[in-house]
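The listed protein sequences correspond, in order, to chains Y and X. For the first sequence, the residue numbers in the working numbering are 1 to 69. For the second sequence, the residue numbers in the working numbering are 1 to 514.
Don't read these hints as lab results, they were simulated from the structure. Just so it is clear, the structure is predicted and the values come from calculations on it, not from any experiment. Even glycine gets a Cβ: it sits at the ideal position worked out from N, Cα and C. Treat each hint with caution, since some may be false.
To be verified - A few chain Y residues that face chain X, going by a derived Cβ cut-off under 8 Å, partial list only:
1. Tyr20
2. Arg31
3. Gly38
Stated by the list, open to error - Pair by pair, the computed Cβ-Cβ distance ranges are:
4. X:Val161 <-> Y:Val58: 37 to 45 Å
5. Y:Pro27 <-> X:Pro496: 45 to 53 Å
6. Y:Val21 <-> X:His469: 42 to 50 Å
7. Y:Ile18 <-> X:Gly108: 31 to 39 Å
8. Y:Ile36 <-> X:Ile205: 24 to 32 Å
9. Y:Ile18 <-> X:Val160: 52 to 60 Å
10. X:Leu485 <-> Y:Ile36: 33 to 41 Å
11. X:Thr48 <-> Y:Phe37: 29 to 37 Å
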Amino acid sequence: MNGKPRGKFHPVYLILLIPYVAFLWVPLYNRIEPEIFGIPFFYWWQLLWIVLTALSIVPVYLYQESQDK
Amino acid sequence: MSANPVTLGVFLLLFVAVALIGLFGSRWRAGDLSQLHEWGLGGRSFGTLITWFLLGGDLYTAYTFIAVPALMYGAGAPGFFAVPYAALMYPVLFLAFPKLWSVAHKHGYVTAADFVNGRYGHRGLALAVAVTGLIAVMPYIALQLVGMQVVIAALNLNYVVQIPLLGSVSIPLMIAFIVLASFTYISGLRGTALIAVVKDILVYITVLAAIIVIPAKLGGYGAVFGAVDKELLLLPKGTPDNLGPGFAYATLALGSLLALFLYPHSVTGLLSSSSRNVIRRNAIVLPAYSVALALIALLGYMALAAGVKSLPQYAEGFASFGNNFAVPALFSHMCPAWFAGLASAAIAIGALMPASMMAIACGNLFTRNIFKTFIAPDCKPATEAKVAKLVAFAVKLGALLFVLGLKVDYAIQLQLLGGILICQTLPAVLVGLYVRLNPWALLTGIAAGVGVGTWMFVDMGFKTTYPLHLFGVTVPCYAAVLALLLNLVVSFALTPLFNGMARGTDETVAEDYV
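Let the hints inform the model, and build the full structure from the sequences given.
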C-alpha cells in the first residue's frame, strides 16, 4: 500500500475545527435571546458563522502559501 | 387571472438573452468541441472568477432557492439546516479537493469514477461509483424542471397542449427544455459558465432587494419573525431518552456537506478550473452564496408574514405545488411587476444552468466509465464527445418525461435517496485522496452502505431521518450518516483481510496529489 505523503501537521489547521463545533453543537445556539434587529439568536448566530467559517480558512490558506515558497 | 404584461415582458427578455448567450458560448475561448474535456470540462480553463460563478450556480440551484424557503414556510427552524450545510462544506472543499484536481490533471481524469479506476485499478468499483453518481444526479435534474414549472405557474403562463401519451404539456416548459438541450449540446460547459454569470448576478440583485424591501413593507424583521409560530421558531428540545430534532439537524447538515462535492456535477465544476489554487481561493469566496441562501431561506418566513396562502389569487398555485409556491407568490404579491419578472427569470435561469451542468456530468460519467470502459474501449476522442452529448440530451429528455408523466413527489423522494447513496462513494473518492483502502473492501462497504441506507429510507416511509435506538436512547440521525459510518467501518476493517488476496494496481503516486 503506497500511502500518501502526510502534509506536515501544523496547529493552524485546528482553526478549521472551530466552525464545526459552532454549527454542529446545536444546544449552543438553539434559543431566541439575545435578538438583533428582531432576529432571534438561532438565526443570526448561524448567519454570522457563515462569514466566520470562510474567514477561518484564510489563516490556513496563508500558511500554505508561505510553505510553498 | 392572466399574465401581468410587464412581469412577462421582463421575464421573456432576460430568458431570450440568456438563451442567445448560451448558444454563442461555444465561441468563447473556443476550443475543439469534439474533444470530451473541451466540451465537458470547458478545456479545464476557468479561473477563480468564472469558477466562482460556475460552482455558485451549480451548487445553489433553482430548486434549492424554492425548496429551502418552502421548508422554512412549512416546518420552521429545521429547514435552516441548509445554512450549516452550506457553510461547513467549504473547509472540506479547501483541504481535500485540490488533491483531486491535481491527480485528475496529471492523469486526465474527467470524473470521480475515472479517479477511482486509476487509483484502485478496479473497473467494478469505478462502475459502482459511476452508477451511484448517475442515480443520484438524475432526479436532481427533474427537480430543476419542477422549479421551472413553479415559476411558469406563478407567471400565469400555463399554456397547455394535449399530446398523446403524455397528456397535457406546458408549452413554456417545452420551450425551456428545447433551449436547455440545444445550448448544452452545442456549447457544452462554456455555454453553461456564461449563463452562470448572468444567473448569479440576477440572483444577487433579487436577494439584496428582497431582503431590504419586503421586510420594510411588512414592518421590520421583528414582525417577520413574529409571524412564525413560536413552536417552529426553534428546534424542539431533546429529552433524556431522545436526543431530539437538534441532533437530526446537525447530522443532516453533516451528511449533506460530505455528499455535496461527491455529486457528479460538483466534480465537473471543480475539474473545469484551471488550477488547484482556483479551488482553494473559491473555498474562501464561495460562502458569499451561503449568505444569500440563508437570506433566501428567510423569505419563507416573509411569505408567512405576508399571509400569501390566504389570498385567493394564489390558491391554485398552492394547490398544485404546495409550499413550493410560497416564494413565487411572495414576489408576485409584494414587489413591483418588473421586479417579479426579474426574480422569476433568476429562478428559471437558475434551473436551466445547473440542469445543463448535471446533464453534462451524466454525459461525462456514462461515456468515460460505462461506454469507454465496457462497450468501446478503442473509441476515438470524437466518438467520446459525441456519446457524451447524446447522453446529456437523453438524460434531460428522461427528466422531462419523468416530471410530466409521474408525480413530483417521486422525484423529490428519489433525490433524497440520491443524497444518501452519493454519500457512500466517500470512502472510495474522498478518503481515497489520503489513504488507499482495498478496492474489494471498498466495494463491500459501498454495498453495505447503499443497502442499509436504502432500507432505512424506505422503512421510515421515504424520510431521511432514522431514529436509531442506542442503549435506551433514541438518536434521530440522517440515514446517510449512519450508512456512511457502517460503510467506513466495513471498508477499513476488511482492508487488511482482503489485501492478503488482491490489492489491485495504483497508477497514481504520492506526488500526483500535491
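Pairwise beta carbon distance, Ile18 (chain Y) to Val160 (chain X), judged against the given window 52 to 60 Å: holds, 53 Å
Hint says 42 to 50 Å; check whether the CB-CB distance for Val21 (chain Y) and His469 (chain X) agrees. violated, 27 Å
Min Cβ distance, Arg31 (chain Y) to chain X: is it shorter than 8 Å? For Arg31 (chain Y), the interface hint holds, since the closest Cβ of chain X sits about 7 Å away, which is under 8 Å.
Just tell me: holds or violated, for the beta carbon distance of Ile36 (chain Y) and Ile205 (chain X) against 24 to 32 Å? holds, 25 Å
Against the range 45 to 53 Å, how does the distance between the Cβ atoms of Pro27 (chain Y) and Pro496 (chain X) compare: consistent or not? violated, 39 Å
Report holds or violated for the interface hint on Tyr20 (chain Y), using the least CB-CB distance to chain X and a cut-off of 8 Å. The hint holds - Tyr20 (chain Y) has a Cβ within 8 Å of chain X, the shortest such distance being about 6 Å.
Is the shortest C-beta separation between Gly38 (chain Y) and chain X less than 8 Å? holds, 3 Å
Is the gap between the beta carbons of Ile18 (chain Y) and Gly108 (chain X) within 31 to 39 Å? Holds, at about 38 Å.
If I claimed the Cβ atoms of Val161 (chain X) and Val58 (chain Y) lie 37 to 45 Å apart, would that claim hold in this structure? About 55 Å separates the Cβ atoms of Val161 (chain X) and Val58 (chain Y), which means 37 to 45 Å is violated.
Assessment of proposed distance window 33 to 41 Å (beta carbons of Leu485 (chain X), Ile36 (chain Y)): holds, 37 Å
Could you check the hint for me, namely that Thr48 (chain X) and Phe37 (chain Y) are 29 to 37 Å apart, CB to CB? 33 Å Cβ-Cβ, so the 29 to 37 Å window holds.
Violation of the numbered hints given earlier is confined to hints 4, 5, 6; the remaining hints are satisfied by the structure.
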